[in-house]
Every structure is written in structure tokens, then in C-alpha cells.
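Turn these sequences into a full structure, and let the hints steer you where they fit.
Letter by letter, the chains look like this.
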Amino acid sequence: MKAGSTRLAFSLAGLFLLMLLLFMADMLIGSTQMAAHDVLRALFGTGSAGDELIVMQFRLPKALTAILAGAAMSVSGLLMQTLFRNPLAGPDVMGVSSGAGLGVALTLLTLTPLFTLAEGSILSGWGVILAAWAGAGAVMLIIMAVSARMRDIMTVLIIGMLLASAISAVVSLMQYFSNEVMLRTYVIWTMGNLGNISYPQIRALALATMAGLAIAFTMVKPLNAILMGETFSRTVGVRMQRTRIVLLASASILAGSVTAFCGPLAFIGVAVPHIARLLFGTTDHRILLPATALAGAVILLLSDIISVLPGGGQVIPVNTVTSLIGIPVVLWIILGKTGLGRRF
Amino acid sequence: MTRFILSVITAALMFSSCRNAGDNKALNPGAGTPAPGRLTIEKEKHYFKVTVSEPWQNSSGIKHVWYLVPRDSAMPAGISEAQTIRIPVRRMICMSATHIAMMRALGAESLIAGISGSSLIYDSVVREGLHNGTIRDVGYEGNLNMELVVSLAPDLLMAYGVADPSTGNTSRLSETGVKVFYNADYLEEHPLSRCEWIRLFGLLTGREKMADSIFAGVSGAYRDLAEKVSDAVTDRPDVLLGAPWEDVWYVSPAGSYIGRLIEDAGGHYIYSDMTGLNSVPYSVESVFRKAMEADLWINPGAADNLAEIAAADPRLAALPLFREGNVWNNRLRVTEAGGNDYWESAVVRPDLLLSDIVSIIHPGLMPGYVQIYYRKLE
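Heads up: the sequence lines are chains A and B, in that order.
Taking the numbering used here, the leading residue of the first sequence gets 3, the next gets one more, and so forth.
Taking the numbering used here, the leading residue of the second sequence gets 66, the next gets one more, and so forth.
None of these hints come from the bench; they were simulated from the model.
Nothing here was measured: the structure is a model prediction, and the numbers come from that model.
A virtual CB, placed ideally from N, CA and C, is assigned to each residue, including glycine.
Some clues are possibly wrong.
Unchecked claim - Here are some of the chain A residues that sit facing chain B, going by a computed Cβ distance under 8 Å:
(1) S33
(2) T34
(3) H39
(4) G52
(5) T187
(6) G197
(7) V310
Said to hold, decoys possible - Between beta-carbon pairs, the in silico distance windows are:
(8) A:I329 / B:A375: 37 to 45 Å
(9) B:N234 / A:V222: 53 to 61 Å
(10) A:V222 / B:E443: 53 to 61 Å
(11) A:F18 / B:N208: 51 to 59 Å
Written out as C-alpha cells, the structure reads:
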């Protein structure tokens, strides 16, 4: 047992190291060509003004956002999968991302003309973020209210999915009645984006991520107990109603904040917890939680590096990259090769 | 507005008479000369044959042929009725602001029965018509009010195709007997080719000579100015175009409408090496890097002042051209609802548009000039 836990500790350290390496790689590889020593000089404030702007205002915030968003989304997915004991659950099953999307759609598709931002719009920073946060928060409160009344967690899951579908229908209706420019703005938002986030916004995202992760880490024991079944959990003294609400709150804060700042990076939340389980061969949340956070950061950093099509200047949406990485993993699970589904 | 249009026409007539006085310089290829556009008009004995090649974006090898037959003459043999438009038309629906601008320039606004997207119209006469009900808003593609279109009984619906329209509502109209003409003016890359579509409106409304003389005047003035600039200019300031959407900057190709105007106005578009027809998504980082060296920024989206740009993406405020305040947008003539004359009358007056841009890039060449479409952001 001791040898096993040492191995796991080493694996976690290795994953952390990989994250640092990819963080550096993300700083070095951008959509414009810059020599490694110029990047380092810019980082330490001795580079040319142009290089410093590129590194400090474009690459560093993007890489930091990738780490925060990757960790937050993945842990949110892990919490949902364990809570609902469902391998295909993700941050969006409760409609939190849809709620954020509704907030954004309300600002972009209906309020925009009032601010005459219509043609060729540059998005204004905080308005969209606050709207997304409000949307995610509203959905979270509804789900928590439902959860407090329902004994059966599967009922909560179904209600959450219905709510998500209803919200999507409302958003579709708004899209139907909006013009091309507004549609394009909204569609670009749905493709996810790590790059237009200022330092004050990163601080807010970091704060939300830290809060969500901190709550999750206090719930490691109940999470492990849930995997053994609700009846078992109760017998070992887990207060299910309270646990559910705390887990929903944590997952919603994580997913809602990321969606607010970066758009719906949903898929990463479904796929990464499975990657962590595969890598570490454990269902113990003491390991799984940090492993999922690190793996999420690693995968989003990697996706970001790929999405800038290194050196070419062009970009592809980061969401398409994460999905293309994530879909094979989910297929693998569905085809049952790893037997992960049986671990719930 | 009427006075403005009248002055446009007077000026155009003046230009055209100068041109007829035997000035052959404009025939030389070079500055300001357009490539062949998508519109071809052939005069036959009893009718006009109008061909639109590639009527929508990314269409390949598609040609629409129309026969414009005078209302009082017999139907020529060998011509399909479905492809025939009797001219002059009596009622027309114009789906694009550019169509409205051309009708207005010809003084044919009374023939407009319907338009699309009333909130985005700049023209005051058309807005007045909408207000008192003589002109109706028929909606657009997904929201197209087909019953209203049919009840307006237009001789022609002038549409524009964003993509192959065979599945859309607009094309279903043809089944109800409404003639739908796909106008490709907005796809023309050269400002003069875009303006030349006024000749089609001239034929349709029985104002052929007026349209030809407006076009000749405008293209003469455009070419003269472009040549004057190309002779006078020794250095070409670097120009940044467009604005980011989140972290993506859709970069227009060099041969685009505005790219062409910048080259003809003696500027150097920072993506002048970009070929192709469609805009390409670049990362903001890569555009920013190029923009560090640029001197001017034109068309920064919908921002109306520098603070709005800085609020949307604070990094852009670090650009030298931003600090020097060399940022210009095309929103001098806009309505509160969002109509912008840049998309309307400027399409008929590319010469004035070019003058605006020359005065921005090389103010020394146009002393005392007052911009018509462009304004400097504060």
C-alpha cells in the first residue's frame, strides 16, 4: 500500500512537471514567431517593448487562463460524475453552462442594439462576463432548491437536463430573431476563447477557481463514500442533502465562472476525469481530485498550443481542439474497453 | 438629403462631360482600374441581356441570365418568360441598402414598394416612406414575410445571395411568380465595379442614360484622384483594418473593397500580401504584432470613441497608432437605430469615399477637405 501511494505521489509530481513544461511551451509558442531568449527577456522585463507587450499581454494571460479553466472545468466534471454516479455527466448536465449561455445571449442578442454595438462589434469585457455569471448563478440556485426537496439524485439529474434543454430552446429562439452580426458574435462566444481576458479578470477567475477547488477538496471523504452508494454513505455519517448542495455549489462556481470568462469549454469536463482515472488507476478522490485538476490544465494548455497553429498567425477555436482530443476518450469509455463505467 | 442626391447627380454630370471631352488617360490600366466585375450588360436589338456571374459567395461556375424587355414591345422569340423582366419596372422590393442607394441616386425611390430591415436604413426619404406606410418592411430570409411580398405585387424583388439560395425562403418566392433577381454588388471587390451596378438599376427603371452618366462621372473622378495620388505619393503609411471578435481577428484580404480603397488612396495595408477572397481568422497576437508598426487604424468595428476600444480590449490601447489617436471609423453618417450611410450612398459615390480616405492617409494632398463618411475617434 505504501509503495502504491509513493508511486501515485510521484505520478502527481510528474503531471505537475508536465503542466509547467507545457506552460513554458505555451509561452514560447505563439501565433507569431519569437525566439525563446526574447520570450524569456520579455518575461523578466528586459526585452523590447513590442516583445514585452506580446508576452505579458497576450501569451502569459492566455497560458494562465488555460491552467485555471482546464483545472476548474475538469474538477467540475469529476464532481458531477461522482455525484450522479454517471460516467457521461459533465459540468453542463445541470444546465450551468446553458444558464451562462443564456446570460450571454441576452446581452449579445437582445441588449446589443441598445448599445449600438451592432456591426463588427468589439465585445465589451465585463458586461458579458457578469451576464454569464448571473445566468449560471440563477440555474445553480434553481437546481439547489430542487435538490433540497428531492430525495432521489436521478430526479435532480433529469430536472437539470430538462432545464438545460429549455434554456437552449430559449437561446435558439433568440438566435432566430437576431441579425447576422449578432449571431456571429454569439457563435464565436460559443466556440470558447482563452485569449481576451485581462489581468483583473484573471484575478476574478483565479479567485472563483480557488474557492471552487477548496470546497471540492473538503469533500474528498463524502465523494469517496458516494461511490459506495447513498445507503452506504448514510451509514458512515455522510449527510446526503447537505453534501449534494455543497458539491453542486462547488461544481457550479467552477463551471459557471469558466463559462463566463472563456465561453462554454464543456467537453473538457466530461473527458478529463476519465483520463485521470485511466492514468492513475484509482477512484480515490484524494488522488483523483488533484490529478484531474492537473490533467485538465495540461490538456487545455496543449489545446491552446495547437489552436494557434504555431507560428502561422491564424487560429482555430480552442473548443474544437479540446473536443477532438476528448471525443476519442469518450468513445473509448462507451466501447467499454477500460471498464471505467463499472467504477460508478 | 434630396439636395445631397441632386448635388451628387449634378457633380456626376459635370464629371461625365469632362470625361467626354476626350480624356483617354483613364483607359490606361493602373491606379483605380477595376478587374471585370460580375455584371455584364449586352444590348440586343429588342432587349438587354443581363448576366450575373457568381451571384453569391463561393459559388463556382454559376451564371444567372435575365432578359430586360421593354414593356411595350412584343416578347422576342426564343426567350424564356421566367427569365424576362419587363422594363421599366413599376414596383420593386429592394433587399439591400445598396439597392436603395442606387434607386435614390437615380431619383427612382417612388418605385420602391418594400425593403428589408427598416432599422438599418440611413436614407431619410425611405425612412419617411416606411413611417407613412408607402414602403413596407418585408423582413429577411428566415423572417421573410412571404404573404406581404406577394401582396405588394412587385415586378421584381432585388435580393442578394449570401449562399446558395436554393433552400431559402427567398427562392421559394419564385414559385409564387415573384421574380427574384440575385444582385451580387456586395461581392464586387473593386469600388468601381460595385458602383457599376447602378447601370442595372438604370435599365430597370428606364433611366439608362442617367445611370451611365453617373457611373462615368464617378469612375472618372475616382480614377483621376487615384492617379493623382499614385503620382504624388512617395511613402505609403501602414494601415490597420478591422477589429477583433473576442480573441479572433478576421483579416480582410488585400483585394477586398476597403483594401483596394486603401491602396488607391496611397496607403499600405499591413496585410497587403494576403490573397484570396474571404477573410481569414488570425489571432489577435499576430495582428497586434503587425499593428505595432502601423501608422493608421481604419474601421475599428462599431467603436465610436477610443475609450470604447480600450474597454473592449485594453491591450489595443498600447498600440502606438492608438496612443497617437490615428483611429478612424466610417460612422460619421449613422442613424440612432444603426443605419449607416457608408453602406448606402457611399456605394454609389466611391470617388467621395476615396477622397475621404486620401484625406486621412495623406492630409497634405487634400487641404481643407471635410470628410463625408469618416470621422476621427476622440
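Against chain B, run the beta carbon of A:T187 and see if the smallest gap drops under 8 Å. 6 Å, holds
Should the hint that B:N234 and A:V222 are 53 to 61 Å apart at their CB atoms be regarded as holding? 57 Å, holds
Quick check on the hint: A:S33 CB to chain B CB, less than 8 Å? 4 Å, holds
CB-CB spacing for B:N208 and A:F18 relative to the 51 to 59 Å hint: Given a distance of about 53 Å, which is inside 51 to 59 Å, the answer is holds.
Is the gap between the beta carbons of A:I329 and B:A375 within 37 to 45 Å? Distance hint for A:I329, B:A375 holds at roughly 39 Å.
Minimum Cβ distance from A:G197 to chain B below 8 Å? Result: holds, 3 Å to nearest chain B Cβ.
When the least beta-carbon distance from A:H39 to chain B is tested against 8 Å, hint result: 17 Å, violated
Should the hint that A:V222 and B:E443 are 53 to 61 Å apart at their CB atoms be regarded as holding? About 56 Å separates the Cβ atoms of A:V222 and B:E443, which means 53 to 61 Å holds.
Should the hint that A:V310 touches chain B count as held when the rule is a Cβ pair under 8 Å? Cβ of A:V310 sits 6 Å from chain B, so the hint holds.
Quick check on the hint: A:T34 CB to chain B CB, less than 8 Å? This interface hint holds because 5 Å falls under the 8 Å limit.
Agreement of hint A:G52 with chain B interface, Cβ distance less than 8 Å: 5 Å, holds
This entry does not satisfy hint 3, going by the numbered hints stated previously; all others are met.
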